[in-house]
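Participant: For reference, the chains in residue letters:
There are 2 protein chains.
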Amino acid sequence: MAPILTHNSEVTASERSDNKENRIVQVKNPHLASMPEDYLYHFDLGTQTHNLQAMFGDVKFACVGGSANRMRTFAQFMHMELGLNGNGSNILDICAGTDRYSMYKAGPVLAVSHGMGAPSISIMLHELIKLLHHAKCCDVTFIRLGTSGGIGLDPGTVVITGTAVDSLLQPQFEQVVLGKVITRSTELDRELAQELLNCGKEIAEYPIIIGNTMCTQDFYEGQGRLDGALCSFSNDEKVEYLKKAYRAGVKNIEMESTVFAAMCHSCDLKAAIVCVTLLNRLDGDQITSPHEVLLEYQKRPQKIVSMFIKKQLGLLK
Amino acid sequence: MAPILTHNSEVTASERSDNKENRIVQVKNPHLASMPEDYLYHFDLGTQTHNLQAMFGDVKFACVGGSANRMRTFAQFMHMELGLNGNGSNILDICAGTDRYSMYKAGPVLAVSHGMGAPSISIMLHELIKLLHHAKCCDVTFIRLGTSGGIGLDPGTVVITGTAVDSLLQPQFEQVVLGKVITRSTELDRELAQELLNCGKEIAEYPIIIGNTMCTQDFYEGQGRLDGALCSFSNDEKVEYLKKAYRAGVKNIEMESTVFAAMCHSCDLKAAIVCVTLLNRLDGDQITSPHEVLLEYQKRPQKIVSMFIKKQLGLLK
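Protein chains in written order, with the numbering used here: chain S, 339 to 655; chain V, 339 to 655.
Chain S on its own, in the form it takes in the complex (with noise of 0.2 Å):
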């Protein structure tokens, strides 16, 4: 897996500028430059192990996502997106020695999946950021694609994270660190959100907005669902809930948003989260549109990030 588009390793301290472009990601972590080797256990990938900026150097989009098959479809499209040589269909995962993520990469695109749930995300998110760290890559803008519920939206609808707020709707996220809680900004980039509202409305096969993201801890009771294996709340207490959520900006829930954009911001990268939902949470709870249309639902996300990232690398206008 050869670099493709730039060689990184080029790029050194002084080229750097203090803005967003050209800038190698970067860690904020005295301790890792001292280390004599750096194993990221959860990719089964390490600085001794891997040549990682031969294999990655070339990254430009860090694409994450919830499933697995979901990210292995997401590369395969890109790849056929790009033009890329080869086969994409039997696009191998990068982390094979591993079940606890898979990665695939198509060109400057690498897909990663990342679980369900903010701890989940969050170890993926340090390791991923360290891979590109040790890889040099340069420039790199996260994007996540993922599912979640919308409130009062028709299912299928696209939304744009604006704001991620936690489950109390603020923009922030908590994180105990050595016993003591500290809080981080979830602040994403609002050029980039605007960007991808642009691709989405040109693409306009279906509702696309921008729109503040409530990130819970729990799929069932935290958010307002009537049909876990635990629940102790009424559907009117539900519906308050799902309605003060609406008046607050909130368009869509799902269980990642504010830890990623914390860790984005807090390394100065680039991010937007784009999800679909995939129902509307004031007409029920249980999913069930059928898997077909649920496919194809999952599908917007990734059309709409394909055609922002041709878009960066000049194959559309």
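Don't read these hints as lab results, they were simulated from the structure.
Bear in mind the structure is a predicted one, so any value in this text is a computation, not a measurement.
Each hint can be trusted.
Using 27 Å as the maximum straight-line C-alpha spacing, the simulated DSSO-like pairs for lysine-lysine come out as follows:
#  : chain 1 : residue 1 : chain 2 : residue 2
1  : V       : K366      : S       : K581
2  : S       : K539      : S       : K641
3  : S       : K582      : V       : K366
4  : S       : K366      : V       : K581
5  : V       : K649      : V       : K637
6  : S       : K474      : S       : K648
7  : S       : K518      : V       : K581
8  : V       : K582      : S       : K518
9  : S       : K655      : S       : K608
10 : S       : K582      : V       : K518
11 : V       : K518      : S       : K518
12 : V       : K608      : V       : K398
Keeping the supplied structure of chain S fixed, place chain V upon it in accordance with the hints.
Facilitator: Quick look at chain V alone, frame taken from chain S:
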């Protein structure tokens, strides 16, 4: 997949007792009974599409673990250990219709993967508890078989959780429900923990102890690691934090114990957590043991749980 052991459908409400013997798995959700259908989305199984009682009615042991490969290996191992008919090596994933979780069955033993982190295991447990409830399973013991980082223990030590504590060393699980923080007890079954310890001591091939388990929301900063993409503390501060946890009785750290204990406790399910430690966190952060060594470590909880199950089934004295 026909029932093997008992016909639990014949257990009527009047036969149920108030203790944990001879009881159908209960949900704590008054809404569930009135739902015409329950589709377990993340398992791709449903009450209208599958005969859950025929498929799962004989399950007595719900064994869960993070990795899908590890749970398949465990199911194959149990197939052999229980002397079941047929070829255990090509055991099928019952959740093949989705890649969110994997599920394997070996007689009365169900082995289900749960991914990493509290939100991921909580989705799975909601659906697993509902599944066993719909299937009218009786007297089911829940066991999590996991990997963890040890504190002050030789790598490979098996820790059976006495008490599951959160990152602030509290024996509780906090969750936001409809915008309010609720707190649940993480109490586990002490008798079950002792029985598992006794099984481990009979095997006597590796150290095994009962100790407290700390559950964190993050693998890197959240566990005081110095090798993440983000780190803002010194080695001394990290060691101080780990030693403070150790003084509070914490022997190992993982990412699912509190919610597993809390959900099982809430549903009156007998539950235990058996984790092997892959490293001693006082010696470092990276998991660097050879692959074969780690694989052997991961078999240790499986052997202990297998002996326990065989004793319960009267296959061993």
